[in-house]
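Chain F: place on chain Z using the hints.
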Amino acid sequence: MSAIGKATEATGGAGPAVPAMQPAAAIVTRSRRSALLPGVAAILLVAVLAYLPYEVYSDTTSLLVQFFQLLIMASAWNLLAGYAGLVSVGQQAFIGLGAYFVVLLANHGISPFTATPLAAIMTGVIGLPVWWMVSRLRSGYFAITMWVIASVCMLVISQISSLGSGTGIALSGLTQDPSQLSADTYWATLAIAVLVIAGIYVLLRSPLGLVLTAIRDDETGAKSIGGRVGSVQRLVFLAAALGCGAAGASYAISQQFIVPTAAFSVSFTAEMIFITIIGGIGTIEGPIIGTVVFFVLQQTLSADGTWYWIILGLVAIAVAIWAPRGIWGLVSDRLGIRLFPVGYYLWPAGERPRRLIAGWTGARLGRSRRG
Amino acid sequence: MTWVNAVVQGIMLGGLYALFACGLSLMFGVMKVINLAHGDLAVVAAYVALGVVAITHVPTVWSFVLVVPIFAALGYVMQRTLLQASLNRGVLTTLLVTFGLSVVIENALQQFLSANSRSLNIGSLVSDSFSIGSHITIAYLDLVILLVAVAVLLGLQYLLSSSRSGRMIRAVADDREAAQLSGVDYRHVFGIAAAIAFGTVALAGLAFGMYTQFDPTTGSSQLLLYAFEAVVIGGLGSLWGTLAGGILLGVAQQIGAQYHAADQILAGQLMFLIILVLRPQGITSRRELA
Numbered sequence: 001m002s003a004i005g006k007a008t009e010a011t012g013g014a015g016p017a018v019p020a021m022q023p024a025a026a027i028v029t030r031s032r033r034s035a036l037l038p039g040v041a042a043i044l045l046v047a048v049l050a051y052l053p054y055e056v057y058s059d060t061t062s063l064l065v066q067f068f069q070l071l072i073m074a075s076a077w078n079l080l081a082g083y084a085g086l087v088s089v090g091q092q093a094f095i096g097l098g099a100y101f102v103v104l105l106a107n108h109g110i111s112p113f114t115a116t117p118l119a120a121i122m123t124g125v126i127g128l129p130v131w132w133m134v135s136r137l138r139s140g141y142f143a144i145t146m147w148v149i150a151s152v153c154m155l156v157i158s159q160i161s162s163l164g165s166g167t168g169i170a171l172s173g174l175t176q177d178p179s180q181l182s183a184d185t186y187w188a189t190l191a192i193a194v195l196v197i198a199g200i201y202v203l204l205r206s207p208l209g210l211v212l213t214a215i216r217d218d219e220t221g222a223k224s225i226g227g228r229v230g231s232v233q234r235l236v237f238l239a240a241a242l243g244c245g246a247a248g249a250s251y252a253i254s255q256q257f258i259v260p261t262a263a264f265s266v267s268f269t270a271e272m273i274f275i276t277i278i279g280g281i282g283t284i285e286g287p288i289i290g291t292v293v294f295f296v297l298q299q300t301l302s303a304d305g306t307w308y309w310i311i312l313g314l315v316a317i318a319v320a321i322w323a324p325r326g327i328w329g330l331v332s333d334r335l336g337i338r339l340f341p342v343g344y345y346l347w348p349a350g351e352r353p354r355r356l357i358a359g360w361t362g363a364r365l366g367r368s369r370r371g
Numbered sequence: 001m002t003w004v005n006a007v008v009q010g011i012m013l014g015g016l017y018a019l020f021a022c023g024l025s026l027m028f029g030v031m032k033v034i035n036l037a038h039g040d041l042a043v044v045a046a047y048v049a050l051g052v053v054a055i056t057h058v059p060t061v062w063s064f065v066l067v068v069p070i071f072a073a074l075g076y077v078m079q080r081t082l083l084q085a086s087l088n089r090g091v092l093t094t095l096l097v098t099f100g101l102s103v104v105i106e107n108a109l110q111q112f113l114s115a116n117s118r119s120l121n122i123g124s125l126v127s128d129s130f131s132i133g134s135h136i137t138i139a140y141l142d143l144v145i146l147l148v149a150v151a152v153l154l155g156l157q158y159l160l161s162s163s164r165s166g167r168m169i170r171a172v173a174d175d176r177e178a179a180q181l182s183g184v185d186y187r188h189v190f191g192i193a194a195a196i197a198f199g200t201v202a203l204a205g206l207a208f209g210m211y212t213q214f215d216p217t218t219g220s221s222q223l224l225l226y227a228f229e230a231v232v233i234g235g236l237g238s239l240w241g242t243l244a245g246g247i248l249l250g251v252a253q254q255i256g257a258q259y260h261a262a263d264q265i266l267a268g269q270l271m272f273l274i275i276l277v278l279r280p281q282g283i284t285s286r287r288e289l290a
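Sequence order for the protein chains is Z and F. End of the first sequence = 371 in our numbering, gap-free, step of one. End of the second sequence = 290 in our numbering, gap-free, step of one.
Chain Z extracted, bound-state conformation:
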């Protein structure tokens, strides 16, 4: 503003010096460079990961199953907290419910792998009355009430004898031979992870994503410019419940025996939170980076569970205060890259992106507009 003000002042009565500033040639694109390369790399990576069970032993795939589960949970929590501004410490409610829905369906003769999407949907449906209860609450109120709801779910399930009460229950219906079972578990979890991340990517690129990004940056502001904050938050809450339900279903299949105290453990949520904060909250890449960091740490410190939590907690606190955009925030600021282009870049007149062919993206994909 001040620059323009000065320019007008300086020209004084001369008047028609201003048209030099006209914005006619500005270009808006989805990313600074072409998004083609990361996209192709992602597809290749998924293809390699999908082929992996033919090449490696089941101990490697079962490690990766844990990795994908963490990734699913963290991505779902990131969508909820990072974008919709809803910090929940009760997401373990949906993990436990997803796990127990699989057990319930398996008890009725449905194969656990067929039951997985059903369990995820059922968990999402349960999310609806939960949202109705917590939708009026904000910040800390929302966070702890979700925790209470998780505790209620655990206490209720602990009393249902057909679900093993408090002592736990074995998942029935897993009849494959062990190596086939571990490969199937791996593929199912990989599929969920890909679906969840792709789903979040599509959601954030849609018009709803614009509202979500606005909520992330300023909830009151988003409301004031007409964003349907309430309904978008509900959608995200249900989507996060669905994602956690799917992760819980995978957890049930990979553990084959579940206990209420473990399935509804708050440490699931602690993992989601720490991964997302350390990786970078409010970006799709953050939870992915965070899961990698987290996983490496887990494998090196696993001999001592308490130290692992102490270190993670301290790192997460430090990151939240001093580097609130996490590792990915630091990386993308320095290098100016986005693996998942969900934002917009504005190129001022004359500063046309060098590597990116604006006409190509604009005409073929409709992703860039001339302003």
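It should be emphasised that the hints constitute simulated quantities derived from the structure, not laboratory data. There could be a bad hint or two in this list.
[Stated by the list, open to error] Under 7 angstroms between C-beta atoms, here's a sample of chain Z residues computed to sit facing chain F:
#1 Leu-44
#2 Met-133
#3 Ser-139
#4 Gly-140
#5 Ile-144
#6 Val-148
#7 Val-152
#8 Leu-155
#9 Ala-270
#10 Thr-306
#11 Leu-314
#12 Ala-316
#13 Ala-320
[Stated by the list, open to error] Computed, partial: chain Z to chain F, Cβ under 10 angstroms:
#14 Val-87
#15 Ser-158
#16 Val-315
#17 Ile-321
We put the CB at the ideal spot given by N, CA and C, even for glycine.
Same frame as chain Z, but now just chain F:
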């Protein structure tokens, strides 16, 4: 008569919960944040009391003379450093930081002091009791805790309404910017409020340690949720509401326990959810939720 007894026991238990809740309520009222490490701090206080007793050999009951000032000082320092730094980033950051703190405290306790259950040994005082009629038995300890809770609430009420610090706290809670314009350093006031809150949480931790057993996980799995439930049931901004909330929670738990021992916690939490749905501003407050 067993039901009457359950209600009486619930009222006694309510005193303990109110003691836990008032610190949480004060910090929420002034700084607009919920300290998710609240329950763990109470457990830490109980462990500190164990250490104080082991070193100084004072009777356990008197350990609060040392532990409460230690915690008040800790509260001021933590507020001025870690919590203020996170508050500057926003409310959500404070939630995440206090949650991280909760996990760190819990695991540090497990690492250094083992996961075993402990309790504060107060000798025969824990079982001494008197009877009213033939069915109602009241333990002296429970009664003392309830009286301490009432005394703490009265003290807080006096402090907030009559002292200079209390006026500053209320001013900052009502309108931070206006208080700053009048020359109040809000960070110092936050520190004072945190000191008071930490002092009460230490007292609550000691009371809990004398009342029953605790271990490193007690703080987050039980105490934080009870304190929060008491605050919400009672309604924010009202200290007497907090007492009423604690008592209602205690009574609900004891009545639940009459049906089945496993229903004790569930009954309290269902009651909390019912209040939350029907009367989210709490039973005593007329103010709408922020």
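To see whether the hints hold, each was checked on the structure:
The interface hint given for Leu-44 of chain Z is violated, since its Cβ lies 35 angstroms from the closest Cβ of chain F, which is over the 7 angstroms cut-off. Interface hint status for Met-133 of chain Z: upheld, as the beta-carbon distance to the closest one in chain F is roughly 6 angstroms, under 7 angstroms. Satisfaction of the interface hint for Ser-139 of chain Z is found here, the shortest Cβ-Cβ separation to chain F being roughly 5 angstroms, below the 7 angstroms cut-off. The closest approach between the C-beta of Gly-140 of chain Z and any C-beta of chain F is roughly 3 angstroms, which is under the 7 angstroms cut-off, so the hint is satisfied.
Checking Ile-144 of chain Z against chain F by beta carbon gives a least distance of about 5 angstroms; that is within 7 angstroms, so the hint holds. Because the closest C-beta pair between Val-148 of chain Z and chain F is about 6 angstroms apart, less than 7 angstroms, the hint holds. Nearest Cβ of chain F to the Cβ of Val-152 of chain Z: about 5 angstroms, under the 7 angstroms cut. The hint holds. For Leu-155 of chain Z, the shortest C-beta to C-beta distance to chain F is roughly 4 angstroms, which falls under 7 angstroms, so the interface hint holds.
Given the 7 angstroms rule on beta carbons, the hint for Ala-270 of chain Z holds: about 5 angstroms separates it from the nearest Cβ of chain F. The beta carbon of Thr-306 of chain Z comes within 4 angstroms of a beta carbon in chain F, closer than 7 angstroms, and the hint placing it at the interface holds. At about 6 angstroms, the closest approach between the beta carbon of Leu-314 of chain Z and any beta carbon in chain F falls short of 7 angstroms, and the interface hint on this residue holds. Proximity of Ala-316 of chain Z to chain F holds as hinted, the smallest CB-CB distance being about 5 angstroms (cut-off 7 angstroms).
Contact between Ala-320 of chain Z and chain F, as hinted, is supported at the beta carbon level, the nearest pair being about 5 angstroms apart and thus within 7 angstroms. Given hint, Val-87 of chain Z at the interface with chain F, holds; its Cβ is 5 angstroms from that chain's nearest Cβ, closer than 10 angstroms. Because the smallest distance between the Cβ of Ser-158 of chain Z and any Cβ of chain F comes to about 7 angstroms, under 10 angstroms, the interface hint for this residue holds. Given the 10 angstroms rule on beta carbons, the hint for Val-315 of chain Z holds: about 9 angstroms separates it from the nearest Cβ of chain F.
At its closest, the beta carbon of Ile-321 of chain Z sits 5 angstroms from a beta carbon of chain F; the interface hint therefore holds under the 10 angstroms criterion.
Consistency with the previously given hints fails for number 1 only.
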